[in-house]
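Q: Read top to bottom, the protein sequences are chains Z and L. At position 255 of the first sequence (counting the first as 1) the number is 255 in this note's numbering, and the numbers step up by one without a gap. At position 377 of the second sequence (counting the first as 1) the number is 830 in this note's numbering, and the numbers step up by one without a gap.
The hints are simulated quantities; they were obtained by calculation from the structure and are not laboratory data. A hint or two may mislead.
[Said to hold, decoys possible] List of simulated lysine to aspartate or glutamate pairs, EDC-like, C-alpha gap at most 20 Å:
id : chain 1 : residue 1 : chain 2 : residue 2
1  : L       : 851       : Z       : 214
2  : Z       : 67        : L       : 495
3  : L       : 535       : Z       : 113
4  : L       : 695       : Z       : 173
5  : L       : 475       : Z       : 74
6  : Z       : 387       : Z       : 350
7  : L       : 517       : Z       : 66
8  : Z       : 130       : Z       : 74
9  : L       : 661       : Z       : 447
10 : Z       : 131       : L       : 545
11 : Z       : 54        : L       : 562
12 : L       : 608       : L       : 545
13 : Z       : 386       : Z       : 343
14 : Z       : 386       : Z       : 351
15 : L       : 464       : Z       : 41
16 : L       : 535       : Z       : 37
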Amino acid sequence: MKVYLTSCLEKIKAKYAEIRYEERRITRVHYVGKELEFIGESETRGGGIRVQGKNGWSFISFNKLEKLKDYLNEAARQACIARGREVRLAPAHPRVEVIRAKVKKDPRQISLEEKYHLCTRYNQLLLSPKKVQSSSLRYFDVHTVKYFANTEGTYIEQERVDTIIGMTAIARDGINIQFAHEGIGGTGGYELVEGLEDKAEEVSRRAVELLEAEPASAGKYTVVVDPKLSGVFAHEAFGHLSEADFLYENDRLREIMQLGRRFGPPELNIVDEAPIEGQSGYYLYDDEGVPAQKTYLIKEGKLVGYLHSRETAAKMGAQPTGNARAISYRYPPIVRMSNTYIEPQGKSKEEIISEVEEGIYARGFRGGQTNLEMFTFCPEEGYLIKKGKLVKKIRDFNLTGNIFTTLFNIEAIGDDFVLFGGPGGCGKAGQSPLPVSTGGPHLRIREVIVGGV
Amino acid sequence: MEKILEIALSKAQEAEVYRVRKQVTTVKFQANRIKSIDSLFEDGVGLRVIKGGRIGFSSANNLKDARNLVDRALSSSQFGQKAYFHFPSPAEVLSVQCFDPQVSSLKVEDMVEEGERAISLITEQEPQFSCEGELEKAEFEVRILNSSGLDESYKKTEYAFFLYAFLAKEEGFLGIEEGESGCSYQEYSSLIAERILKAIDLAKNNVKIPPGSYRAIFTSKAMPLLLQSLKSGINGKLVQKKSSPLVEKIGKPIVCPVVNILDDGLFPFALGSRPIDGEGIPSRRTQIIKDGVLKNFIYDLQTASMMKSESTANATRSYNSLPSPSTTNLILEPGDASLEEMIKDIKEGIIVDQVIGSGQGNELTGEFSVNLDLGYKVEEGKIKGRVKDVMISGNAYKLLNKVIAVGKEARFVGTVKTPPVYFEKVTVAG
Chain Z
1 MKVYLTSCLE
11 KIKAKYAEIR
21 YEERRITRVH
31 YVGKELEFIG
41 ESETRGGGIR
51 VQGKNGWSFI
61 SFNKLEKLKD
71 YLNEAARQAC
81 IARGREVRLA
91 PAHPRVEVIR
101 AKVKKDPRQI
111 SLEEKYHLCT
121 RYNQLLLSPK
131 KVQSSSLRYF
141 DVHTVKYFAN
151 TEGTYIEQER
161 VDTIIGMTAI
171 ARDGINIQFA
181 HEGIGGTGGY
191 ELVEGLEDKA
201 EEVSRRAVEL
211 LEAEPASAGK
221 YTVVVDPKLS
231 GVFAHEAFGH
241 LSEADFLYEN
251 DRLREIMQLG
261 RRFGPPELNI
271 VDEAPIEGQS
281 GYYLYDDEGV
291 PAQKTYLIKE
301 GKLVGYLHSR
311 ETAAKMGAQP
321 TGNARAISYR
331 YPPIVRMSNT
341 YIEPQGKSKE
351 EIISEVEEGI
361 YARGFRGGQT
371 NLEMFTFCPE
381 EGYLIKKGKL
391 VKKIRDFNLT
401 GNIFTTLFNI
411 EAIGDDFVLF
421 GGPGGCGKAG
431 QSPLPVSTGG
441 PHLRIREVIV
451 GGV
Chain L
454 MEKILEIALS
464 KAQEAEVYRV
474 RKQVTTVKFQ
484 ANRIKSIDSL
494 FEDGVGLRVI
504 KGGRIGFSSA
514 NNLKDARNLV
524 DRALSSSQFG
534 QKAYFHFPSP
544 AEVLSVQCFD
554 PQVSSLKVED
564 MVEEGERAIS
574 LITEQEPQFS
584 CEGELEKAEF
594 EVRILNSSGL
604 DESYKKTEYA
614 FFLYAFLAKE
624 EGFLGIEEGE
634 SGCSYQEYSS
644 LIAERILKAI
654 DLAKNNVKIP
664 PGSYRAIFTS
674 KAMPLLLQSL
684 KSGINGKLVQ
694 KKSSPLVEKI
704 GKPIVCPVVN
714 ILDDGLFPFA
724 LGSRPIDGEG
734 IPSRRTQIIK
744 DGVLKNFIYD
754 LQTASMMKSE
764 STANATRSYN
774 SLPSPSTTNL
784 ILEPGDASLE
794 EMIKDIKEGI
804 IVDQVIGSGQ
814 GNELTGEFSV
824 NLDLGYKVEE
834 GKIKGRVKDV
844 MISGNAYKLL
854 NKVIAVGKEA
864 RFVGTVKTPP
874 VYFEKVTVAG
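So here's chain Z without its partners, still in its complex pose (with noise of 0.2 Å):
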């Protein structure tokens, strides 16, 4: 391969040029109630290359690698069509690197049928109780092997496998039908899946409590988050606003997104850390043959650093973080997050909660968003505090903020710390799912808007 794709570059007449293939074998199982949805194997093959051209890039993605001279013809044209600003790309050593994966248990050297009789098994345990309706069980393993060579001499192969399993109770009780989700997983073999039955027990409890949950009221209210929304919260609350590409050709936002710019109190460190081996946002070397590393977005409360790719940093005179990532080959790489947490501290989640006089304990994630201005971010279930006591169980509310002034609101970090990733990741600029992990500590924050009924 190596040959190949060096031999194709030589010949280019262009300042810079890449190209990226991959290689992806990928088992899925997929239960919906009690039915076996689907079950099988795929294989996926295809490149992508990107061509600089004085003013603009062309990216092109592909399936037939014997076509890849052609292709490469057509990005240099195209590249030259581009006529928006010069292109220029921080320096980069050139690298030469074969990663292979530290797996385990290769989920290749497992029977299709032992997979069937363990996802059998979770999703029964998922259907148990009787007010479970439905239940979603998706597992899946990947096997990927990608392949970078660009025209300074770097190339890189990666091998990484990755086992994921999601599932979902879905209970039902007239018209009401509520549901809990647990993603498990991330790089790493099919130890990571295995044992999970009271987890899949505890999934389908969750979704029956959520029956008896009351809907919570609209309104602004001091709110504690647990580990798996604090994650969220870092990612949509401050981790995309972070993200060069957003900001480096937008004089005004990088104006107001100065470095040193106080976000939140002293105590608050935000981080992103590609390098955490099993984590879903793990890798060594990004979409752009850059080495992966740990960034401080946010440091005693103040903005330190951003997410960058090789083009943001020479446009902010920075150093690239190895941030830029494809979520397949059939797409360019842009500014991406990898494991976006925030440090834990010294409150115990006890403390924190027994301090509110009237509040919500805001457990679980369904998900979030951002317009780099405000941001959303969902809570699977939750309870009213009062007194410092958990008092009632509420469901279907989302939370709400403004980046700008939300973060001044955390007033207590926890001493407790997990990172999440499971199936399911993040979303920009058309390409979704990308693996990422989120995490940090239990978290209380004053004044957050609740949508409710």
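Dock chain L against chain Z, hints included.
A: Just chain L now, with coordinates in the frame of chain Z:
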């Protein structure tokens, strides 16, 4: 493809080969200037087999390896879902307008110009705004071949233009998104620029709204938020699994009598139109709601058969997935109120245009709770300014049961065609 079918049939009782060849070109703009020209060349095939009464499936985008593809599909059939249907025989297919030669002959250079035109229309008037967006043209060919003698193929084009105008100010951000899409080429630049400029103008002042319940107009752009629950509710698969709240509701009123909705796979040059569905069943129109009464669910072959009904030609898939029911073009029929009349009627209320955080709540039951990304306050029949930093919430089914008026000017937002709709009540928190 014939060879794959032949090899598959040597081991399985029934088989179906589905192939998609696709070519997409996208012109991307960032910070008011062109950034990149991207293309996609894709060729993939999916093989579905029925062996021993069970369904097997596999896909690949390397057609050379037919034997491997067949083996994987067969091994998946050992545990696969029980098949309640047979692959369909050929039937009469209506011609559907979903291919426009103007799209396939459209030059990249022209797309660049069209994008630049729209951006300069906006920035000439509003130089502080920064626009990003994309123009995309796609051309694809689908062929289905099965063991019941069906051999159908069609060509389809798609053309889309999306633009997002953004302004960052210390006191708050404003982002407006607009777009148009369909199967045919049309010059959208002035239309899109005009809509964005109008929104910028309306959003110049921020106004406050006290928390409470208000009358609300959902624009065409915002209506998919409410229709999404209904889309899930009528989905034959969710009905069959009994996770839809609409189970056993056929023939019963579920929303206001002014609401009429159909699924129309034949709508000329609409994004969801096609002559046949993902299993080769000829496309059709299906009445979903007539005068507020639920008439039909949408099905593919498998779910239809399990529900003792027939396919409504709603099997949707790509080459690498099994078919599953999904709406083609969902049409909410227009009523007789103009947007101006609806606004005039409001003493105190809001207009919802863009939201963030949709699809994260309990979509099945219709609950929604979203941040109002772009919305306006109406007082005494006039738009007063932009409302932000509030959450709006409600239940889609309850809202659709309290419709004051359905607008008369409908437009497509992706595959949903809807007019603005005026509702009695949403909850505003902030």
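Q: Does each hint fit the structure? Answer for all of them.
A: Now for the hints, and whether the structure bears them out:
Distance check on the hinted pair: residue 851 of chain L and residue 214 of chain Z sit about 17 Å apart at the alpha-carbon level, within 20 Å; holds. A distance of roughly 12 Å separates the Cα atoms of residue 67 of chain Z and residue 495 of chain L; the hinted pair therefore holds under the 20 Å criterion. This hinted pair checks out: residue 535 of chain L and residue 113 of chain Z have alpha carbons roughly 17 Å apart, not beyond 20 Å. Restraint check for residue 695 of chain L and residue 173 of chain Z: the C-alpha separation of about 12 Å stays at or below 20 Å, so the hint holds.
Between residue 475 of chain L and residue 74 of chain Z the alpha-carbon distance is near 17 Å, which keeps this suggested pair within the 20 Å criterion. Distance hint between residue 387 of chain Z and residue 350 of chain Z is fulfilled; the C-alpha atoms sit about 13 Å from each other, no more than 20 Å. The hinted pair formed by residue 517 of chain L and residue 66 of chain Z meets the criterion: a straight-line CA distance of about 13 Å does not exceed 20 Å. Note on residue 130 of chain Z and residue 74 of chain Z: the hinted pairing is violated, with a Cα-Cα distance of about 60 Å set against a maximum of 20 Å.
Between residue 661 of chain L and residue 447 of chain Z the alpha-carbon distance is near 17 Å, which keeps this suggested pair within the 20 Å criterion. With a C-alpha separation of about 45 Å, the suggested pair residue 131 of chain Z and residue 545 of chain L falls outside the 20 Å cut-off, and the hint is violated. Proposed proximity of residue 54 of chain Z and residue 562 of chain L is supported: the alpha carbons are some 17 Å apart, at most 20 Å. The straight-line distance between the Cα atoms of residue 608 of chain L and residue 545 of chain L is roughly 17 Å, inside the 20 Å bound, and the hint therefore holds.
The hinted pair formed by residue 386 of chain Z and residue 343 of chain Z fails the criterion: a straight-line CA distance of about 28 Å is larger than 20 Å. For a cut-off of 20 Å, the pair hint linking residue 386 of chain Z to residue 351 of chain Z stands: about 14 Å separates their Cα positions. For the suggested pair residue 464 of chain L and residue 41 of chain Z, the alpha carbons sit about 18 Å apart, so the restraint of at most 20 Å is met. For the proposed pair residue 535 of chain L and residue 37 of chain Z, the alpha carbon gap of about 9 Å is at most 20 Å, so the pair holds.
The structure fails hints 8, 10 and 13 (numbered hints given earlier, in ascending order).
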